[in-house]
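Colleague: Next come the chains, spelled out residue by residue.
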Amino acid sequence: MSPHRKLKPDSLNPDTPSSPQEKLKFLVFSLAVLAAPWPLAGGYLTNVLIFVGINSMLALGLNLLLGYAGQISLGQAAFFGLGAYGSGVLTTRFAMNPWLAMAVVAVSVAAFAFAVGFPVLRLKGHYLAMATLGVGVIAHIAFNETVDLTGGPSGLSGIPNLAVGSFQFDSDLKNYYLVWGFALVAVLLSLNLVDSRVGRALRAIHDSEVAARVMGVNARLLKVQVFALSALLSALAGSLYCHVMTFISPTSFSFHVSIELLTMVVIGGLGSVYGSILGALLLTLLPEMLRAFQDFDIVFYGLLLISMTIYLPGGLVRGIPALFRRLWPVRRSHA
Amino acid sequence: MLRLSGIGKRFGGLTALQEISFRVAPASITGIIGPNGAGKTTLFNIATGIYPPTEGAVLLEGKDISALPPEKRARLGLVRTFQNIELFGKMTVLENVMVGLHTQTKSGIFACAFRMPWQLREERSIRERAKRWLDFVGIAELAGVEAGKLSFGKGRLLEIARALALDPKLLLMDEPAAGLNSKETQELAKLIKSIRDRGVTVALVEHDMDLVMEICDSLVVLNLGSMLAEGTPKEIQDNPAVVTAYLGEE
Amino acid sequence: MNKLLTTTVVSFALTCLSTVALAAAPIKIGGLFAVTGPASFLGEPERNSAQMVVDEINKAGGVKGRLLELISYDTGGDASKAVQLANKLTKNDHVVAVVGPSTTGDAMAVIPIFEKAGVPLVSCAAGIKITDPVKKWVFKTAQNDSLAVARIYEQLKKEKKNKIALLTVSDAFGSSGREQLKGQASHYGIEIVTDETYAPKDTDMTAQLTKIRGSQAQAVICWGTNPGPAVVARNAKQLGLTLPLYMSHGVSSKKFIELAGDAAEGVRLPSGKVLVAELLPKSDRQKAALLAYIRDYKNHFKAEGDHFGGHAWDAVMLVKNAIEKGGDTPAGIRSQLEATRGFAGIGGVFNFSAIDHAGLTKDAFVLVEVKNKNWTLVK
Amino acid sequence: MEFFNQITQYAISGLSTGAIYALIGLSFAIIFNSTGIINFAQGEFVMLGGVLAIVSITALHLPMPAAVAVAVVGTTAVGLAFERLAIRPLKNATPLSLIIVTIGASILIRGLVMLIWGKDTKALPPFSGDTPIEVAGATILPQHLWIFAVTLLVIVASRLFFHHTITGKAMRACSFNRRAASLVGIGVGRMVLLSFLISSALGALAGVIIAPLTMTAYDVGVMLGLKGFCAAIMGGMGSGFGTVLGGLILGVLESLGAGLISSGYKDAIAFFILLLILFVRPQGLFKKGETDRV
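Protein chains in written order, with my numbering: chain A, 1448 to 1782; chain B, 111 to 360; chain C, 4 to 382; chain D, 4 to 297.
Bear in mind the hints are in silico, worked out from the structure with no lab data behind them.
Some hints here could point you the wrong way.
If the Cβ cut is set under 8 Å, some of the chain D residues that face chain A in the computed set are [stated by the list, open to error]: (1) L93; (2) G107; (3) L118; (4) I119; (5) W120; (6) A176; (7) F179; (8) M240; (9) L277; (10) F282; (11) P285.
What follows is a set of in silico ranges between Cβ atoms, one per label pair, in the way DEER data are often shown [what the hints assert, rightly or not]: (12) D:I280 to B:D327: 36 to 42 Å; (13) C:H97 to A:A1483: 21 to 27 Å; (14) B:M226 to D:P92: 22 to 28 Å.
C-beta: ideal position from N, C-alpha, C; glycine also.
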């Protein structure tokens, strides 16, 4: 699926829509995800991995928009926040069933993004960046100011855990499988999507919007659709986040979060589903790893961002294999 | 097939085109020629809806399509290639052609994400057809290569295959022979004729006069944004105004 | 697979080792402070104070012959991070009690974790929600905002000023204050005639103050933390606003006077007693603790201790006292915390009970006024 | 009358805040124009300018003019180092990777300032006292006049530089078409370096002159940078008058929004109006439309 690999004609398997390699890759990935908590023995890393899962969904949503369709968004935190607050408010203030709330919120946020998307995605480049940023800022202010509904800056507490019947998702391990269950489905569906008629059209828009339109691709509609889709994924992540945390406050949905997501996608690898996961994994774990440096962590974080962009321009997902190839050059049979 | 009626285009204060009117006959090859800056590419951009004309109308099979965006025109069978080749460089050759089949498939986001059975059927079918188009232009063996890595000549062929995949009624080609060597140009001439023989109307902008004279059924000459002449290659060759315009340029 | 096995064996071995070693090991206390981020003005002095008091205790021989160890993490004022770190403290570090977090948001986010894990949390954040309703494992040392508000309103009532304007910052601190200010107003017969807010990073509040100037207000109450209130004081001076200006305890440190400069003159605010420790009468029960805290802080950090740091000082001392009385198990510490009576700390005199986990009354606050670049007590 | 006075005060307050945004916006636009980079570290230059000036005064006991010089020179050095160490090594950079690098740099600069000079907010004494001046029923501070004056000076200077000097024209040429510029022998790399030099100096200057009003701390850069970015976008990313107008409009919108509608929503109101402007004029307020070339 990664369109960036150096391809010899035979390595792409153009004959099958979903090549066995891709299926195997997904299977291995799923097994790794399912097995990950086991060696961690319920330690706090399991908890960190829950957030990796949530961030993965967010990064994936942004990557579909940015990496595939080539449209920047600096306002993803708005949809994340709408999802979280939507679920939080509906379940606490209106005692709605959490699952129902999640569905209602996801659909409404997607519809909202769809409506906003029409004027916003007409813009290009830095104007688009600015407009999406504006959407993010406005949403963040709304979370802060609608105190009666959201609890304002002091946050909204008492959000219930998700439950199926009497089975409560009330421990790290249960939440881990809950979140990653969603994340895996999102990964699978995204993998399907990018290697399909719609995915090709998105990538076509990215490479040359004019040519894509001349080929009959309704670029404007498709961009708005994928914007809505990324909002949907973000909203779902938000709903999960609020039920896992049981407390939310506006700081978790600020401009910084949008920027962090952008960083995850670029560092992980634009236009790569697994890249989004890698980016989310790295940038969520990084603060944990840098904790040893105490106050210096922010300096290291900045340095890492700069050096990774310089030395791994294609993101981790392309950079790591390239690094391996450079370190252990394999004699390759050239056709 | 295609009728341009009184097309004019101004960019700010600059008049790029004025009073352009001509027809492209069905199943013919029409050449649009003229010195650099005559407004040929601008005319194509207007015909395909990339920008709107300042005045005048574009009619496809008698229907006014002036207000339609490029994607709608493509669905009506109006397709083009580009002077500088606009391929989807990060996609494979085969995928490029499959984008050309976009209008002939229907699966939406959900059908694609959930791999519905009909979506898989559709996918298999367009994959086959895309390969046939690659075969038609003679680059089938490059199906899996990233399009951005193709040579200019092969890229040109891919662009044609991609355009043909739309099953167009009318194919506009912007300088198809530019950057090709003489052997490639010869093959291109053959290809264009075979396209016409499949019933596709072709209009092309071209500087290579040998090619134009060889394959075109009729010609339109532009100069400085205006129509200079219209007629068969023979007539144009004998037209004194055309000769002056070209000689004047040199 | 092989690697997995190794990991498991190693971690198992480590667990055994640590259990064996526990008998001689120090008692581990956790700390969660927002040392970086927008709430660092709270987190930094809190972490410093907590570390300082732990060092001082250890220097003096520890608790019942055992050393204390403070494992403190920086939440950055980010709720998700706070949750991860709370998990780390309870699950990996196996601490017996935790002091912090610094902000109400962080505190509300981590409370469910401590409730579930059964580890006492002594919060340094002020939000009233933290201990109201009472939660089994959660205590707090920071004075409720409601007490600060009551202190100001009493003064206004005394001066017969009953029309006021609010200017609060739109973050957790400001909105909690705003809620209290609005909630208690009617009780004191006070009417709020304008209710304005500003964003934490705003650099100019003249628009809000202009609006206030045009209203009927007889006094302005600004609720925020540096640098916002300093900007407000300066803007008020610029506009020639002559109304009495009240601030919150969020700016009760020398820093405010330094930032606001001349504009700080005449500003009043409720503060913990640490600001005016020298001025307190000898009879004040807190005086000894306050002077000791100020002295220690100056020795350790060459800076002035403020009452935020005091919250952490109180928290650690409370935990230490509880360990002395009730042993080093989380449950033992919890029940001793709840039994604490008459502990004279920095924030006030604490009296916890089964129905009160905040433990302070409004005597914890004094009203101070800036005169000649220094704090004076308002009588 | 009181209402009229209020409105003038809102307008004047808005204009003075707007002038700050404009100045930062200009420094944004200069880098964008010659390199196409949206420099997310721009706000950090502003912060650095203010912090360096304060440190020079409090720690080094320098007089104000010397402190200003230290701040501008120091920040410019950081800007140049940033270009050399982070921007130049990026070969075939995409706009996105450039954004990430500048985000990284902004985090790095912020972190270093925090470690070296602490987290406390610091204040710089005003240049010429703080006795309010009355203008049409509204009051401003002498420092505001400094801001207006410097903004004006910068507009004039940049106009002269970009239109009447060889180097300035060369920089503009780079912004129009880098390839063509390099073909006619303009050292594009040098121009990029120069644009970072000018932009960081300008950012520092902005930081110094606003510090007496807004005070400064290691973390003020983000918000200021964001507002400057908005100003530049509104002005169509030009390096001249458009950006200044964009900044002023943003400032006045905020101030009027806070005074007349709701102080809590003032940023939201400002952004909402900016969005509407963008929807109506997708190319910014002051730039003529461009068409895709194929």
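Colleague: Would you mind marking each hint as holding or not holding in the structure?
Modeller: Here is what the structure says about each hint:
1. L93: holds, 6 Å
2. G107: holds, 3 Å
3. L118: holds, 6 Å
4. I119: violated, 10 Å
5. W120: At about 13 Å, which exceeds the 8 Å cut-off, the nearest Cβ of chain A leaves the hint on W120 of chain D violated.
6. A176: violated, 21 Å
7. F179: violated, 16 Å
8. M240: holds, 7 Å
9. L277: Constraint on L277 of chain D satisfied, holds at 6 Å.
10. F282: Interface hint status for F282 of chain D: holds (4 Å vs cutoff 8 Å).
11. P285: Check passed: Cβ of P285 of chain D comes within 5 Å of chain A, closer than 8 Å.
12. D:I280 to B:D327: 36 to 42 Å: violated, 52 Å
13. C:H97 to A:A1483: 21 to 27 Å: Holds, at about 23 Å.
14. B:M226 to D:P92: 22 to 28 Å: Violated: the Cβ-Cβ distance is about 47 Å, outside 22 to 28 Å.
Hints 4, 5, 6, 7, 12 and 14, counting from the list given before, are not met by this structure.
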